[in-house]
Amino acid sequence: MTSTPSRRKAYDGVVLCAPVTVPYRRYSTNSAHWWIGRALQALTKQAGLQPTDLDGLSVSSFTVGPDTAIGLTQHFGLTPRWLDHVPFGGASGMVGLRRAARAVQAGDADIVACVAGDTNHVDSFRKTLATFSRFAQDAVYPYGSGGANASFALIAKNYMNTYGARREDFGKICVAQRDNAMGVPHALMKKALTLDEYMAARPISDPIHLFDCVMPCAGAEAFLVCSEQTARSLGLKSVRVLSTIERHNAFPGDPIQVRGGWAMDAGELWSMAGVKPDDIDFVETYDDYPVITMMQLEDLGFCKKGEAADFVRSHTLTNDGTFPHNTCGGQLSVGQAGAAGGYLGLVEALRQLTDAPLGTHVPDARIGLVSGFGMINYDRGLASGAAILARAA
Amino acid sequence: MTEPLARPGRKDPLKKTRLPLNPQGARSRAAHGLTAAAAEGRFVLQSCADCSAVVYPPRDACPVCLSPRLPYKDVDARGVLLAETTVRSSTDPYFRERTPWRIGTVKLDAGPVLVAHLHGDTKEGGRVRLGLKLDKSGAPVAIALPEQDTPHMGDDPQLRELTCDPKFRRVLITDGRTAVGQAMAKAFSEAGSSIIFVGIADAWKPFPGMDALRGIERVEIIPLDITDSESVLEQAEQNGGRIDIIVNTAEHIRAGGIIERRGINIAREEMDVRYFGLMRLAQAFGPGMRFRGADGVNSATAIVNLLSVYALMNWPTYGAHSAAEAACLSATQSLRAELRSGGVRMVNVFFGPLETEWFQTVPPPKVAPAALARAVIEALKKGLEDVFVGDVAEDIRLRLAVNPKALERELAG
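Protein chains in written order, with numbering that gives the first Met the number 0: chain A, 0 to 392; chain B, 0 to 412.
The set of hints was computed from the structure by calculation and includes no laboratory data. Treat the hints with care, since some could be wrong.
With a straight-line cut-off of 30 Å between C-alpha atoms, the simulated BS3-like cross-links for lysine-lysine are [said to hold, decoys possible]:
#: 1; chain 1: A; residue 1: K304; chain 2: B; residue 2: K106
#: 2; chain 1: B; residue 1: K106; chain 2: A; residue 2: K303
#: 3; chain 1: B; residue 1: K380; chain 2: B; residue 2: K122
#: 4; chain 1: A; residue 1: K304; chain 2: B; residue 2: K122
#: 5; chain 1: B; residue 1: K106; chain 2: A; residue 2: K126
Listed next, with one range per pair, are the computed distances between beta-carbon atoms [what the hints assert, rightly or not]:
#: 6; chain 1: B; residue 1: P99; chain 2: A; residue 2: G266; range: 58 to 64 Å
#: 7; chain 1: A; residue 1: R80; chain 2: B; residue 2: S329; range: 55 to 61 Å
#: 8; chain 1: B; residue 1: P12; chain 2: A; residue 2: K126; range: 33 to 39 Å
#: 9; chain 1: A; residue 1: D319; chain 2: B; residue 2: R77; range: 52 to 58 Å
#: 10; chain 1: B; residue 1: S340; chain 2: A; residue 2: R201; range: 31 to 37 Å
#: 11; chain 1: A; residue 1: F250; chain 2: B; residue 2: E96; range: 34 to 40 Å
#: 12; chain 1: A; residue 1: I69; chain 2: B; residue 2: L397; range: 50 to 56 Å
#: 13; chain 1: A; residue 1: N29; chain 2: B; residue 2: E96; range: 30 to 36 Å
#: 14; chain 1: B; residue 1: E96; chain 2: A; residue 2: T28; range: 24 to 30 Å
#: 15; chain 1: B; residue 1: I257; chain 2: A; residue 2: P251; range: 53 to 59 Å
#: 16; chain 1: B; residue 1: P67; chain 2: A; residue 2: D363; range: 56 to 62 Å
#: 17; chain 1: A; residue 1: R201; chain 2: B; residue 2: A367; range: 39 to 45 Å
#: 18; chain 1: A; residue 1: F250; chain 2: B; residue 2: R77; range: 20 to 26 Å
These figures come from a predicted structure and were not determined experimentally. Just so it is clear, CB atoms sit at the ideal spot from N, CA and C, and this is done for glycine as well.
With these hints in hand, go ahead and build the complete structure from the sequences.
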């Protein structure tokens with residue numbers, strides 16, 4: 000990993016606190032507004048704040064339409080002086096955190112509520128797919144309408160052909176995550192999973208099989224971004240931001256996706272944080288699908304391009320293992336609550352680093368890396384981001 | 000290797016007919032450049048007028064130089080199938096009942112990457128050529144075909160879903176008295192259609208070619224006069240449930256402009272045969288065809304309307320005739336929209352002057368009836384929607400695209 004000195008300003012004194020998860024449900028008759036509202040309520044209760052004390056708000060949601068963040072201020076009775084709408088799917092958490100952290104640092108807001116929430120009505124997933132983007136409408140959905148499963152099947156197939164990864168390697172990731180999910184009360188998939196069961200699952204879109212797929216559901220995730228001082232005065236345990244990266248539409252000339260924007264910016268991520276991959280105690284990747292997890296391990300510098308399968312084979316990925324990964328089970332086990340899927344890793348990392356995980360602890364966790372990925376606009380995910388977080392001193 | 004289609008057996012009248020569903024047909028305005036090309040069987044993509052980048056998916060600015068000038072141009076359709084998947088679980092009702100369904104990522108030699116339907120004879124890592132087709136919703140899609148034709152390739156289920164192949168389908172040719180009608184019967188017989196119903200009005204009146212027509216394999220002569228509503232309805236009641244393709248060969252061709260041809264009697268006949276005739280056919284057979292649009296191997300699939308190319312721009316030498324053809328063309332546009340819910344295609348085949356007695360005084364080039372029939376078969380096999388047959392029709396198409404006003408003046412002589 001080449002490391003060039005970062006020219007970016009550090010996030011000194013900015014912290015995340017008050018992790019919130021509104022327990023997921025497979026289907027919900029409630030609206031996205033209801034889910035987001037419950038998350039905001041939980042945030043204010045945990046922090047002992049009045050809703051009007053939130054002077055910043057960042058919202059991510061696929062299903063809150065026709066409203067955007069501005070409509071939600073009136074809906075929830077908030078009067079923020081800083082407002083953001085981040086409709087970036089699996090990268091929502093990264094992008095939301097980055098912007099909120101700079102707003103707090105610059106004094107544009109004191110306490111930013113970052114929230115992602117989506118509902119899942121019985122037919123809303125199909126509708127979301129059919130109208131996901133203009134390119135999807137014109138050039139993907141009419142081709143079998145297999146949704147993200149089919150698009151990532153093509154990416155996974157090419158990755159397997161190119162680098163020799165096998166289904167068993169993907170399976171090892173999924174099985175370990177299921178182990179990690181066993182103690183998480185609201186995980187939608189909490190039945191233990193064996194590699195044999197993984198291998199024998201029904202095919203969805205070859206080589207993607209059932210347990211490679213996340214389960215769409217309703218839910219919400221949230222946290223607060225504020226100064227370390229504010230967190231302390233509220234009596235909240237907090238987590239520092241060592242570094243972050245973000246990139247969109249990286250490597251547009253690659254005929255099929257084998258890497259994401261992390262590969263452009265990983266050097267920056269490590270040098271800004273002043274730590275090395277070996278210093279990381281746990282990693283939360285965006286796990287929709289396992290092949291994307293492998294790309295993240297490579298592009299973020301845990302191993303070389305094409306070697307993630309070997310890396311997975313040579314590590315144990317459970318919370319008590321050599322490489323604790325997706326420590327609450329990830330979306331593969333707890334479900335994908337729309338844009339909240341892009342918050343899941345951040346909120347879980349915040350819990351691990353404040354000794355409050357919903358499931359099992361990662362022993363002695365001091366530094367965690369969280370990665371986001373999202374928006375398969377046409378044939379590949381466009382958005383990528385990552386953050387390195389550390390336990391407050 | 001494509002498994003050859005088995006001839007479908009007789010339909011069980013107690014079984015429920017599978018109702019037609021369509022894949023999502025919504026497209027952006029820019030994407031309709033592909034619709035126009037697919038309708039004519041061309042392969043085009045946007046090519047930047049400023050930096051020559053070939054661009055896909057359709058968009059409104061060049062991703063290389065941001066130029067807004069992105070005309071559609073013919074491009075090399077060859078490329079490599081990088082990766083494939085078989086979709087076994089689909090959120091869309093149309094595909095749900097057609098899975099497993101293969102799609103793949105194709106990298107074109109011309110640059111762009113397309114997600115495409117896959118013909119069964121394509122292989123991952125192998126060379127393919129892309130074709131643009133209209134799917135059941137009338138929207139354009141790409142399908143990767145084997146680089147060279149393979150045996151029975153038209154029988155591939157995913158390709159056949161995008162075409163109107165006459166093989167094993169049952170055809171109605173509305174008028175067998177004309178040279179075109181007879182050539183059409185022969186061509187459909189050779190293309191493997193199961194039954195070729197050929198309409199003859201006033202069967203007691205003999206006509207040239209009658210014996211040869213009766214001698215064509217699988218031809219069944221039926222009484223049909225498309226200027227007579229009762230006759231059309233009677234045929235629809237009798238055979239409508241087993242007609243998959245209609246080819247409207249009824250013609251009415253007389254020279255003369257609007258002023259010089261006195262009175263409106265002939266014009267009325269023209270309209271009766273061409274405009275009202277099509278209307279009678281559509282009203283009698285349309286509902287049944289729309290209902291049977293997904294009815295297995297021999298589902299209802301197309302209405303073919305033969306049109307003078309002068310439907311697109313009036314030729315005053317045949318001025319009144321051109322006007323009736325224009326009315327007929329307009330009706331097909333409405334029918335196209337009305338048939339879409341059943342996945343039934345309205346195919347317009349535009350031809351220049353024919354090698355028949357009604358164009359006796361017109362100089363060549365002219366279109367032989369057999370050539371017109373071949374073009375119709377080809378159009379159905381390829382799944383086209385707009386077809387231009389012969390040099391004159393092609394000439395008119397090109398001139399119309401460049402400058403309609405110039406064409407109007409020049410046709411006036």
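Do the hints match the structure? See the list:
Distance restraint check for A:K304 and B:K106: the Cα-Cα separation of roughly 22 Å lies within the 30 Å cut-off, and the hinted pair is therefore satisfied. Simply put, B:K106 and A:K303 have alpha-carbon atoms about 26 Å apart, close enough for the 30 Å limit, and the pair holds. Proposed proximity of B:K380 and B:K122 is supported: the alpha carbons are some 23 Å apart, at most 30 Å. Using a Cα cut-off of 30 Å, the hinted pair A:K304 and B:K122 holds, with the two alpha carbons roughly 27 Å apart.
Note on B:K106 and A:K126: the hinted pairing holds, with a Cα-Cα distance of about 29 Å set against a maximum of 30 Å. Between B:P99 and A:G266 the CB atoms are about 43 Å apart, so this pair departs from the stated range of 58 to 64 Å. Checked against the given bound of 55 to 61 Å, the beta carbons of A:R80 and B:S329, roughly 60 Å apart, stay inside it. Distance hint for B:P12 and A:K126: a CB-CB separation of about 38 Å, consistent with the stated range 33 to 39 Å.
Distance hint check for A:D319 and B:R77: the Cβ-Cβ separation is about 53 Å, which falls inside the suggested range of 52 to 58 Å. Hint check: B:S340 to A:R201, Cβ distance near 33 Å, so the stated range 31 to 37 Å holds. For the hinted restraint 34 to 40 Å between A:F250 and B:E96, the CB-CB distance of approximately 38 Å keeps it satisfied. Against the hinted window of 50 to 56 Å, the Cβ-Cβ separation of A:I69 and B:L397 comes to about 52 Å, which satisfies the hint.
At about 32 Å, the CB distance of A:N29 to B:E96 agrees with the hint of 30 to 36 Å. Range check, B:E96 to A:T28: Cβ separation about 28 Å, and the 24 to 30 Å hint holds. Our hint of 53 to 59 Å for B:I257 and A:P251 holds, since their Cβ atoms are close to 58 Å apart. As the Cβ distance of B:P67 to A:D363 is approximately 57 Å, the hint placing it in 56 to 62 Å holds.
In this structure the hint that A:R201 and B:A367 lie 39 to 45 Å apart at CB is violated, the actual value being about 56 Å. Restraint check, A:F250 to B:R77: a C-beta distance of roughly 24 Å satisfies the suggested window 20 to 26 Å.
Going down the numbered hints, you'll see the structure goes against 6 and 17, while the others check out.
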